[in-house]
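Here is how the chains run, residue by residue.
Number of protein chains: 2
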Amino acid sequence: MKLASLKSGRDGQLVVVSDDLTRMVTAGDIAPTMQCALDNWTAVRGDLEKLHERLQNGEIQGVAFDQAQCASPLPRAYHWADGSAYVNHVELVRKARGAEVPESFYSDPLMYQGGSDTFLAPREPVKMPQSNGFGIDFEAEIAVVTDDVPMGVSAEDALPHIQLVMLVNDVSLRGLIPAELAKGFGFYQSKPSSAFSPVCVTPEQLGDRWSEGKLHLPLISQLNGEKFGEPNAGQDMTFHFGQLVAHAARTRSLCAGTIIGSGTVSNKLDGGPGKPVVEGGVGYSCIAEIRMIETIQNGSASTPFMDFGNTIAIEMLDDQGQSIFGRIEQTVEQV
Amino acid sequence: MKLASLKSGRDGQLVVVSDDLTRMVTAGDIAPTMQCALDNWTAVRGDLEKLHERLQNGEIQGVAFDQAQCASPLPRAYHWADGSAYVNHVELVRKARGAEVPESFYSDPLMYQGGSDTFLAPREPVKMPQSNGFGIDFEAEIAVVTDDVPMGVSAEDALPHIQLVMLVNDVSLRGLIPAELAKGFGFYQSKPSSAFSPVCVTPEQLGDRWSEGKLHLPLISQLNGEKFGEPNAGQDMTFHFGQLVAHAARTRSLCAGTIIGSGTVSNKLDGGPGKPVVEGGVGYSCIAEIRMIETIQNGSASTPFMDFGNTIAIEMLDDQGQSIFGRIEQTVEQV
Numbered sequence: 376m377k378l379a380s381l382k383s384g385r386d387g388q389l390v391v392v393s394d395d396l397t398r399m400v401t402a403g404d405i406a407p408t409m410q411c412a413l414d415n416w417t418a419v420r421g422d423l424e425k426l427h428e429r430l431q432n433g434e435i436q437g438v439a440f441d442q443a444q445c446a447s448p449l450p451r452a453y454h455w456a457d458g459s460a461y462v463n464h465v466e467l468v469r470k471a472r473g474a475e476v477p478e479s480f481y482s483d484p485l486m487y488q489g490g491s492d493t494f495l496a497p498r499e500p501v502k503m504p505q506s507n508g509f510g511i512d513f514e515a516e517i518a519v520v521t522d523d524v525p526m527g528v529s530a531e532d533a534l535p536h537i538q539l540v541m542l543v544n545d546v547s548l549r550g551l552i553p554a555e556l557a558k559g560f561g562f563y564q565s566k567p568s569s570a571f572s573p574v575c576v577t578p579e580q581l582g583d584r585w586s587e588g589k590l591h592l593p594l595i596s597q598l599n600g601e602k603f604g605e606p607n608a609g610q611d612m613t614f615h616f617g618q619l620v621a622h623a624a625r626t627r628s629l630c631a632g633t634i635i636g637s638g639t640v641s642n643k644l645d646g647g648p649g650k651p652v653v654e655g656g657v658g659y660s661c662i663a664e665i666r667m668i669e670t671i672q673n674g675s676a677s678t679p680f681m682d683f684g685n686t687i688a689i690e691m692l693d694d695q696g697q698s699i700f701g702r703i704e705q706t707v708e709q710v
Numbered sequence: 376m377k378l379a380s381l382k383s384g385r386d387g388q389l390v391v392v393s394d395d396l397t398r399m400v401t402a403g404d405i406a407p408t409m410q411c412a413l414d415n416w417t418a419v420r421g422d423l424e425k426l427h428e429r430l431q432n433g434e435i436q437g438v439a440f441d442q443a444q445c446a447s448p449l450p451r452a453y454h455w456a457d458g459s460a461y462v463n464h465v466e467l468v469r470k471a472r473g474a475e476v477p478e479s480f481y482s483d484p485l486m487y488q489g490g491s492d493t494f495l496a497p498r499e500p501v502k503m504p505q506s507n508g509f510g511i512d513f514e515a516e517i518a519v520v521t522d523d524v525p526m527g528v529s530a531e532d533a534l535p536h537i538q539l540v541m542l543v544n545d546v547s548l549r550g551l552i553p554a555e556l557a558k559g560f561g562f563y564q565s566k567p568s569s570a571f572s573p574v575c576v577t578p579e580q581l582g583d584r585w586s587e588g589k590l591h592l593p594l595i596s597q598l599n600g601e602k603f604g605e606p607n608a609g610q611d612m613t614f615h616f617g618q619l620v621a622h623a624a625r626t627r628s629l630c631a632g633t634i635i636g637s638g639t640v641s642n643k644l645d646g647g648p649g650k651p652v653v654e655g656g657v658g659y660s661c662i663a664e665i666r667m668i669e670t671i672q673n674g675s676a677s678t679p680f681m682d683f684g685n686t687i688a689i690e691m692l693d694d695q696g697q698s699i700f701g702r703i704e705q706t707v708e709q710v
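In order, the protein sequence lines correspond to chains R and W. Converting from the first sequence to our numbering requires adding 375 to each position, the first position being numbered 1. Converting from the second sequence to our numbering requires adding 375 to each position, the first position being numbered 1.
Chain R extracted, bound-state conformation (with noise of 0.2 Å):
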């Protein structure tokens, strides 16, 4: 199943979207919101299933679908944390500064919690108020939605409460995080607000593809319309999403549409760091790591951050070249 959220008020209009992305159908007789919905997921997930069959089998022939129209499939969230499971992705950026990995950190996920209050829609400009200095940079990443989780779950019970899939632009401010984490506090500022994939769906619609908590799939990212990455984003997975949903409930419950993220997806190379797109690697889902990677071998970096008017796309295809979860297309602009 694949649903979306129109643009309507603070909490979208809830719609069931075909598989292929060109017709959908209004689910307000289910549910009015996406929150709603998983509010209501055990009660509903059927009657939203089943109108997702009578649109894929054109017993109802629906309106077309634009991604354009869409926010956030949780055009604000309750609750939205985002893990770092890609630990190559943190070595690296360890190796740029000369500093260890720790041990623990390949038993023990790194975590952020972020501002899911204000969410951008898939296609809505990042703004801010300067480029210089901020370091504007994209993160390419997948993220489930949860219903209800208990406190203390463990990493395999944490699965099946895997309702949704879908993909986020992590917009990180690259420029304000020394500063940030130097306070010992974590990321507030640094971390403005994400924007997601104008579709969620359902891990069974991702069929074999999602297996034990993780996307076995490219992710493609195109900065200023150039692919920039399409690492796999099931592997050098360090923590599946139930160990990621796990450890965000081990000391609270978390409550119905709660996202966790996976973190940027990096792919090593031979057990290394992997090589751009254009020297034939898989490239990156975030432009920090190309230039760790700069400054490991150069001692500097060369590619730059984002800049007003830069533009970044997030999507990911199915074996046969079809968009899953739609695209994220955003541009820079000055606020």
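Worth flagging that the hints you see were computed from the coordinates, not collected in a lab. Owing to the predicted nature of the structure, the values given are computational and were not obtained by experimental measurement. Keep in mind that a hint or two might mislead.
Identical copies carry no separate label here, and so any pair may be met within one copy or between two of them.
[Unchecked claim] Below are the EDC-like pairs computed for lysine to aspartate or glutamate, each with C-alpha atoms no more than 20 Å apart in a straight line:
(1) Lys-558 - Glu-478
(2) Lys-589 - Glu-531
(3) Lys-602 - Glu-669
(4) Lys-382 - Asp-523
(5) Lys-589 - Glu-579
(6) Lys-650 - Asp-386
(7) Lys-502 - Asp-523
(8) Lys-425 - Asp-414
Using the hints, position chain W against chain R.
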């Protein structure tokens, strides 16, 4: 005006409460929930004020108000960020481990984002899987609720965006903090679900005790039935709430219903740390603080953190000795 949310479904039922906290009337005809009221604040505020006036002057009798039936004013919220505005508290933390306070801490607020999807009710137990090693602590604080705040708002312009004021117990797991902060991503598992006071009030309701973004009254904490602290929340607050809201909104807008906390209320005494209540001082708003002073004075802490069966009550009285926000009363229990 005083407002509360009776326990009902996921988001509570909005009620208007009499100033003496004895009577209430449902606000369902105006807005079913607190979040709904805040989402439409400009449109509904006047009607809520009128209802409060009619309850106050006896035109509406209402029904008995029972704090024990209350959820937190926002049973779940889209954004809960907690500052650390009483730098005295930070000075003690640092002094206890022999570290200096960076100069920037007096101009750039510390703030972390907390879990907002599963707040505890004001009389709900703090349930934890273990007490040993977790270092279960309370933190008595003031919190404000905003309407929609634009990105980049100034501290002065942020003040009129503060619509409601309440108290909070920001439960902290001291035993998990060092390892978690060492990872660099800030608090997450070490900050489980918080509980807020039964009632929230408009700044106007506080009269001249609310001035320049600070609440000038003692915040009373009782640990296991004994007074533990009564520092004045208006004193030694390095950053007022306008500054905290502006900090939160520097790189993103804030959605209506955003909750910003003050951090642990902490007063100095003669330029140094305060004294315990039993020694005639104003005491402390968390156990960690007295432990830090014990560590500084005696080389080690003697006051234990909370164990199963321990209780914490947090309250603020007006000049007539009347409870303003009602009383947070929580027991620590094993899950």
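Comparing the hints with the structure gives:
1. Lys-558 - Glu-478: between (23 Å within a copy, 11 Å between copies)
2. Lys-589 - Glu-531: within (13 Å within a copy, 47 Å between copies)
3. Lys-602 - Glu-669: within (18 Å within a copy, 59 Å between copies)
4. Lys-382 - Asp-523: between (25 Å within a copy, 18 Å between copies)
5. Lys-589 - Glu-579: within (12 Å within a copy, 52 Å between copies)
6. Lys-650 - Asp-386: Intra 40 Å, inter 49 Å, cutoff 20 Å: neither.
7. Lys-502 - Asp-523: Classified as between: cross-chain Cα gap 17 Å, same-chain 33 Å, threshold 20 Å.
8. Lys-425 - Asp-414: within (19 Å within a copy, 33 Å between copies)
Hint compliance for this structure: hint 6 alone is broken.
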